[in-house]
Amino acid sequence: GVELGFMALAVAVALAGIGLATVLYRRREGMSERLAEALGPAYRLVRNLYWVDELYDALVIRPFYALCRAARAFDVGIVDGAVNAAGVTADVASQLVKLFQTGYVRNYALLFLLGTVLVLFYLSTL
Numbered sequence: 152g153v154e155l156g157f158m159a160l161a162v163a164v165a166l167a168g169i170g171l172a173t174v175l176y177r178r179r180e181g182m183s184e185r186l187a188e189a190l191g192p193a194y195r196l197v198r199n200l201y202w203v204d205e206l207y208d209a210l211v212i213r214p215f216y217a218l219c220r221a222a223r224a225f226d227v228g229i230v231d232g233a234v235n236a237a238g239v240t241a242d243v244a245s246q247l248v249k250l251f252q253t254g255y256v257r258n259y260a261l262l263f264l265l266g267t268v269l270v271l272f273y274l275s276t277l
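If you use our numbering, the sequence shown corresponds to residues 152 to 277, in order.
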């Protein structure tokens with residue numbers, strides 16, 4: 152039926168294209184160059200595939216890369232900075248606590264007494 156007709160037409164168009172390409176690029180020397188000059192901008196448009204790749208690069212790839220660079224800067228500056236700050240804070244706190252850990256019971260008793268006095272002072276001011 153109709154489908155066979157369209158299939159035959161598609162095959163005929165494909166064979167005609169193959170034949171035309173053979174004539175233009177194999178049999179007649181310089182024919183393709185003359186045709187390119189004659190068609191001018193239309194030939195360049197088709198030759199450059201309608202500049203779809205350039206358009207895709209400008210509208211999708213470059214903005215996506217810019218977004219990726221911004222995300223990387225955020226990750227390195229903010230996220231990694233917060234993680235590193237937590238590590239530095241723990242290190243500084245351990246250095247401060249180390250000052251009070253002498254290994255002598257009398258020092259611990261003195262700190263306990265000072266802490267008790269501070270708590271009592273705080274409670275008396277309420």
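Treat the hints as calculated values from the structure; they're not laboratory data. Ideal placement from N, C-alpha and C gives every residue a C-beta, glycine not left out. Certain hints may be false.
Using C-beta positions, here's what the derived DEER-type ranges look like [to be verified]:
no.	residue 1	residue 2	range
1	ASP226	TRP202	30 to 40 Å
2	TYR273	LYS249	40 to 50 Å
3	ALA221	VAL268	48 to 58 Å
These are the hints, each one checked on the structure:
no.: 1; hint: ASP226 with TRP202: 30 to 40 Å; verdict: 34 Å, holds
no.: 2; hint: TYR273 with LYS249: 40 to 50 Å; verdict: 26 Å, violated
no.: 3; hint: ALA221 with VAL268: 48 to 58 Å; verdict: 54 Å, holds
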